[in-house]
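Asks: If you count the sequence shown from 1, position 94 lands on 109 in the numbering used here, and the numbers rise without skipping.
No lab work stands behind these hints: they were computed from the structure.
Treat the hints with care, since some could be wrong.
[To be verified] Label-pair restraints from in silico Cβ distances:
#1 P118 - A179: 15 to 25 Å
#2 P118 - E20: 37 to 47 Å
#3 G52 - G162: 18 to 28 Å
#4 G74 - L178: 42 to 52 Å
#5 R91 - G29: 35 to 45 Å
#6 G29 - D131: 19 to 29 Å
#7 L32 - G190: 40 to 50 Å
#8 L19 - P86: 35 to 45 Å
Beta carbons: idealized from backbone N, C-alpha and C, even for Gly.
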Amino acid sequence: MCDLEWLRELGHAGRSLITLAPECVPAGFIRALVECGIRASAGHSEASAEIVMRALDEGMTGVTHLFNAMPPLQGRAPGLVGATLAEPRLIAGLIVDGIHVDPVSVRAAFAAKGADGIALVTDAMPTVGASMETFQLMSRTISLRNGRLATAEGTLAGAHLDLATAVRNAVTLCGIPSRMRCAPRLRRRRGPSARAGARRSYSWRPRRSRCADRRPRRRRLLG
C-alpha cells in the first residue's frame with residue numbers, strides 16, 4: 016500500500032490533520048488528502064511562497080508552528096512565513112511559551128492575521144503535568160531546564176506548555192488583548208455521529224474574537 020492509500024484510511028477515523036512540507040509532495044497530493052476528509056497543514060518546510068500558494072489552491076488550510084522549523088521572512092524571499100502572514104485563508108498555529116517564538120513576532124502575527132487567523136497550540140511533551148525532567152524521544156534524551164525542553168545538543172524538542180499557560184503568555188508576555196480568543200475549542204460535529212450509541216466525532220476550530228470583559232448589561236424596565 017502506497018503512502019497516499021494508507022493516509023486515505025485516516026479519513027474514516029474521525030477528524031485527521033496531517034503536517035507536511037508542500038515542496039516534498041507531488042502535485043495533487045494535498046488535493047487527494049482533502050478530498051478524503053483529511054486536513055493538510057504546512058510545517059517543517061522550506062517551501063517558497065509560490066509553492067505555498069499552490070498548496071493552498073489544492074485545499075491546504077493551516078500552518079503548523081509558525082516561525083519554527085522554517086526559514087525566516089525576507090523581503091525578496093517571503094517563504095512560508097510571509098505567505099502565512101499575507102494569506103487570510105491560512106490558520107497559523109503558534110507556540111506561545113516565550114521560548115519558541117519571540118513576543119514581538121507573536122504580536123506581528125496577531126497584527127497581520129487577527130485572532131481568527133491564529134490558533135494557540137502547545138506542542139506539549141510528557142513533562143507537562145508530571146514531575147519528570149527527562150524522557151526519551153526517538154531514542155534521544157530530552158531534558159527540561161528552566162522551562163525549556165531540548166536535546167543534549169541544545170535543539171528544541173517540544174514544549175513544556177499547557178494551553179491555559181499559552182493563553183496567559185499571549186496576554187502577559189506578548190500584550191495580546193484579553194478579549195482576543197484564539198485557543199482551540201472542541202465542538203461536537205452534528206450528523207450521523209450524534210445518534211445514540213454511535214461513536215462521537217469532534218472537530219477543532221479556532222474561537223472567534225469577542226469581548227472578554229464581563230460588563231453588566233443595562234436592562235430596560237417596562238412599566
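Asks: Each hint should be assessed against the structure and marked as holding or not.
Replies: Hint check results:
no., hint, result
1, P118 - A179: 15 to 25 Å, "18 Å, holds"
2, P118 - E20: 37 to 47 Å, "44 Å, holds"
3, G52 - G162: 18 to 28 Å, "37 Å, violated"
4, G74 - L178: 42 to 52 Å, "27 Å, violated"
5, R91 - G29: 35 to 45 Å, "42 Å, holds"
6, G29 - D131: 19 to 29 Å, "24 Å, holds"
7, L32 - G190: 40 to 50 Å, "29 Å, violated"
8, L19 - P86: 35 to 45 Å, "27 Å, violated"
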